[in-house]
Every structure is written in C-alpha cells, then in structure tokens.
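Put together the whole structure using the sequences plus the hints.
Chains as they are written, first to last, in our numbering: chain P, 1 to 379; chain X, 1 to 379.
Hint data in this document are derived by calculation from the structure and do not stem from the laboratory. As the structure is a prediction and not an experimental result, all values here were calculated from the model. Please note that the accuracy of each hint is not assured.
Treat identical chains as interchangeable: a pair holds within one or across any two.
Said to hold, decoys possible - Calculated lysine to aspartate or glutamate pairs in the DMTMM-like style (CA-CA distance at most 20 Å, straight line): (1) K53 / D2; (2) K96 / D149; (3) K23 / E34; (4) K10 / D43; (5) K331 / D43; (6) K122 / E237; (7) K53 / E64; (8) K371 / E359.
Protein chains: 2
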Amino acid sequence: MDGFYERTTKDSINIDPLQTGGKLSEAARRALVEWGDGYSVCDFCPGTLDQIKTPPIYNFIHEELPEFLGCDVARVTNGAREGKFAIMHGVSSSYKCEKKAVVMDANAHYSSYVAAERAGLKVLLVPNSGYPEYKMDPEGYSEAIDSNDVVLALVTYPDGNYGNLPDVRKIAKICRKKGVPLLLNAAYAVGRMPVKMKELGADFIVGSGHKSMASAGPVGVMGMKEEFADLILRKSERHPAKEVELLGCTARGVTIMTLIASFPHVKSRIKKWGKEVEKARYFSKQVERFGIIQLGEKPHNHDLMFFESEILYNISKKAKGGRFFLYRELKKRRIHGIKPGLTRYFKLSTYGLRKEEIEYVINSFEEIISKYTKTAENN
Amino acid sequence: MDGFYERTTKDSINIDPLQTGGKLSEAARRALVEWGDGYSVCDFCPGTLDQIKTPPIYNFIHEELPEFLGCDVARVTNGAREGKFAIMHGVSSSYKCEKKAVVMDANAHYSSYVAAERAGLKVLLVPNSGYPEYKMDPEGYSEAIDSNDVVLALVTYPDGNYGNLPDVRKIAKICRKKGVPLLLNAAYAVGRMPVKMKELGADFIVGSGHKSMASAGPVGVMGMKEEFADLILRKSERHPAKEVELLGCTARGVTIMTLIASFPHVKSRIKKWGKEVEKARYFSKQVERFGIIQLGEKPHNHDLMFFESEILYNISKKAKGGRFFLYRELKKRRIHGIKPGLTRYFKLSTYGLRKEEIEYVINSFEEIISKYTKTAENN
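The structure is reproduced here in structure tokens:
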C-alpha cells in the first residue's frame, strides 16, 4: 500500500487561471526528478540559501532575478503571499504598538488582506469603478492615504478576478508624493508578461513561481529598492547570517530548482506577451457571440478574463444536474478550470493555449449552448 | 538552453542529518511527477486546502495527522520553522505592546530563535550541561520561567546538533505547573521515531516533511491541543474561510502530495526505530575505536550524532589540502554529508542506511586515518 494518488485533471485542457502559468517546462520536469529529495539543495549550502554557488542559486538571486524584476535586491520566498507578509511585517515592525494602515485596491487578492491582518495592519480598500469594468482610479489612493496613518500601499497588477492592469505609474506617483512606499502584487504578471518594478515606480514587488513562473509550488519571488533592504532583510541578532523575515531560509529544495530550471523558458515566453493578449481578445470576442460577456477592462490586456453569462445561467435553471451542467459538459470534453456549479459568473485564462485548443474551447461553449437551447426549443 | 542542473551528490551515500530522513519513497517519486505543476492540487479545492476531499487531503489533515502526532488539531505548513513562527506569533499577538519572552533549550535550532525574534519575543535560553554530553536539565525551565514574563516554552526533541532527547515529560510538568504552554520542535523526530504530543505532555508540536517525512520540501506539520486552535488558527475577518496565521493556504502542490504519498511508508518505518538506534550505537562504537569520539547522550538514542576527532584534526594540520582532506577523501569514496573543511567536530546520521553502507562508512574512516598516519610514520 502506498499514498500515491492520480491527478485526474492532468490530461485536460486547463483554463483555470491558477494553472495556466504554472505548468512546468521540460527543464523543470527534469529538475523535479533530480532535486526531489527533501533538502536536496542543502548539500551545497555554505550557510545561507542565497549564497549557494553551484547550482547557481547565488547568481539567480543576486544577478538574474533583480534584473528580471527591475529591482535592486531580490529574494526567493515560499510564495507571493509570504513575500507580501514579509514586507508588511517588516514595514510595520517599527510601529509595534500603533495601529497603522495599509491601502490596497478593492480588487486585491484575499491573501493581501490576510497578510495585512497577520501583520496587525488596518486595511483601507480603494474602491473600483464597479460593473462592468471594475477599474481602479489612481486618485482613490490619494484620498485613502490622506484619511489615515498609512505605512504602505499595495496594488494588484493585474488583479486575479478581472485581469485588469491598473495605471501603476500614476498610483506610484501619488504614493511617492505622499511618502508612502508602494508594493506591487504581480503574481499574475511576473513570468507571464514584461514587468519592471522601478520602471513602474514601485518600491516592492512580489511574484509567484507556481502561479506564473512554470515552477513547482509553493515558491515566490520578492524584489525591493536598495533603501528597504536593511529593514525587510534585517539579520538575526544571534545568528547574523540569517534573515529574520525569511526565518533564515525559504525554498530549500525542489521548488527553487524548478524555478531556476524554468527561468530561461520564462524569460523567453514573456517576449511573446503580445500574442497572448491577442489570443485572449480573440477568445473574448468569439464567446461574446454566444452571449458570454467579458467584464473587466475592454479591450482586455491580460489572459485572465472574467465572464458574465445569462444564457448559461438560464440553461442551468432547467438543465439536468442544475448548475453543475456546465462543469459536466466541459469535463466530458476534457476541459477543466471553471469551478463546479458556476454558470453565470466565472473566470478563465487562455495563457499558453495553442490556437487549436482555443478554437476547441470556443467551439465547446458554442456546442453546449446550442445543445441546451435546442433541447429547450424542442420541449 | 535550459536551466536544468545536475545534483552531483545524488549517487553518494549521504550521511548529512538533513538528508537521511528526507529521501523520497517510491510512492513520493511518483507523486512528484504526477503533481509537479505549480498549483496542481488547487484543481480540487473547494475553498481551503484542508477541505480537499479528493485527493484525500481532508482525511490526511483532519484524521491521519492528528492521530499520528498525538494531538487534537493538525495542519500542514511550509516547514517546521513556519509552524513555530505561526504558533509564537499567534501566542504573542495578544500581547502586542508588551515585550514577552519565550524560553527554549540552549540546543534549540537557529530557526526557533529567529522565529521568536520575528514574533517580537525575547528569548531565554536554558543552559545545557556542557561538554561532553550537552544534556538539558528540566529544572532549568523552572528557573527561566520564574525570572521572566514567559508566554511560551520550547524544547527541541531531539536537537539538531547532538541528537539528544531531553526529558520532555518532566519539562512539560514544570511548564504546566507554571501555566506556560510547551511547544515541541520535533523536526528530527516526527517521521523518524514514535512521538505523540499529548503523551509527552506538550501543547504544540511541529515536524518537518523534508527533514524527516520523506517529502519534497519545503513542507511541515503542526499539531496542537484543541484549546489553542481558536487562537492559532483564527480566521480572517473579511475572508472567514481563511486562517490568518497560515496566510489562507500553505503547501499547495507537490510538497503536500509527496508528504501524503510517503505517509504509509513513514508510518511503517517508525516501527523500526529500535533498529535505527541500534545502528547508530554500533556506528558510534566502531568509530570510537579509531579515535572519533561521540559527544552528546551516551548510550545514544537517535541517529543524529556529533563527533569530536582530535586524530582527524591533527592529520588536517599536515595533510595536503589541509582541513579539506577529509571532505575529499570521503568524496572519493562517494560518501557525502560532512561539511567541507570540518575535521575536529562534525555531525552525521546513520538513518535509513543499509548495514553494508554503515560498514562501508566505518571502513572508509578507518582507511583514511590509517592512510594518513602511515604516511606520517614513513616521513
């Protein structure tokens, strides 16, 4: 008897936005097997993870990653949320007894909110524009910062619900004027599309290896301006080589080695970002013909898209299996990624899908809608 | 071009204590390939990781793990240190502005110290007995607790330097009498040897998947008594399904799936713990014949052992390559795990080694010593 379980979705076309950017590259698949044992990289450790020269972790963390993220100092974390918490906790640690605040966009991921709660920060949400585009107005940051004792601002680029790309440059300008550092949550950007922290005017950036950098999870990246390194990466008093906010060490094993293995692939794929946006727009345009309407920014600038579909919702009211009909119909066609039970509102991603796969998904939606509307007409 | 690197130590006999308990089982090797893609388990997530029914993560976290750890409530974390920090941070969050203290054994791992620093706790170290056994006297906890404002005690079972197993039952009794909860850092115990939190009288326990549970890293386990669950696993105000100290989610991918895959193997191997202790004692006895003297508890009760070796140190003063001679000689014999440059003091582990491998390592030490002492005599 063993504890092995099959991953039943592995042969599907997966359009879950969580999955499309985290599929391993071929090199990462090899790294997985090579570096699978627990603490595999620690065989080569001189005392801290980022100082390992062979395999070239030092070079990755101190040379390649800062250049890629457009920042001064970078580290590998256990995920984007762990990076956000390290930054928030580091920033707020100077104000232990005062209830300070962090400002973030209303579209922020739940983990940004939870990281702030854990760090003891009050959260102020900058509202979005509401239906149908849910866009962020940079001026909202100005108002939120003025009304409170704010030590950090966060913007989600893009957010994980609508795939909107807010105007970070404008937000950064406002924050800089008010003396508040800006953290860019780029979990859906870093590894998918070009993004440079300093060019956008931000002070911190986090990305996700398992979400968007073709790595085994959990693993993330974190970048910052030099001036914040002493605070966020402060060393232990007793163990002077160990960084306190990283608990001395983070991704010690297969996660960092798949991240490094996929890095050349990732650097090369972001150059084709224009094609990914084209594919997303094409998909959006095609399914709108059947009454599946894309919300969020239009024309859209990211592979993550949110849809509203009255037609699928209406079908679900009468279909066998009720609201689960869509999940089942897609599953039959080996398409995975829309959560069971959703029909009226759902998100998906076209990232990395081949042209034929996109056509196949579009045709599947058309076929499903046509099947159920015909049945209804015949009744 | 890709970013794949070879793991040059993979065909060695690895006696690094960090490595011997983290080697993947066959089932875990299969899980690695099956669940390698980034967020692979999230295809099956109804909202929180511990609620995934298929694969049986729910059953693992809520049934198997509490039973295995001998606790009421368990969670999977990103590592033992992350569990320690979650517990310390949770416990200290009620005392935000007061400088409280945590008491821990002088043999504690650096990450226990760093976790306390991160949580804003003052650290009080209970001294050990010093050379040659470095044992912990439970009474030391009593004194440390009396002299300070202590909110948590921690004991390392066994410690990662000498492999000593302190008398947790006595320490727990003292802590209970004084109203201080006790955290058991069992990163070198859980998955290697039988250990049950409540039987030992502790309130919290942490273990390490990559260190001692035959898993890909980083991943860990955390257990506690029911009465602490509300504090440590408190939910987010805005996102009521998400646990704040876990940032909403932890080991979302290959790490938890290798942990689960190896679990039957791990449950079965701890039954053979007596044999592992026998092997360690045999090794210790044999190498002492050549002047490699085991420090720490004697007779020893764990596979992790610390040695003092004047003879190897003396050789290093004259040998070609100086203090690196031992590393090189062992490397030639495909034995890995003693850090380059160490000769006088070093630790190693015999865990999981086959009888022939243990003999081979013993003979290698004998051969190396004999080679260099003969050379010296001939000069």
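Verification of the supplied hints:
no., hint, result
1, K53 / D2, "between (37 Å within a copy, 18 Å between copies)"
2, K96 / D149, "both (14 Å within a copy, 18 Å between copies)"
3, K23 / E34, "both (18 Å within a copy, 12 Å between copies)"
4, K10 / D43, "between (32 Å within a copy, 10 Å between copies)"
5, K331 / D43, "between (44 Å within a copy, 12 Å between copies)"
6, K122 / E237, "between (29 Å within a copy, 11 Å between copies)"
7, K53 / E64, "within (13 Å within a copy, 40 Å between copies)"
8, K371 / E359, "within (18 Å within a copy, 71 Å between copies)"
Going through the hint list in order, the structure satisfies each hint without exception.
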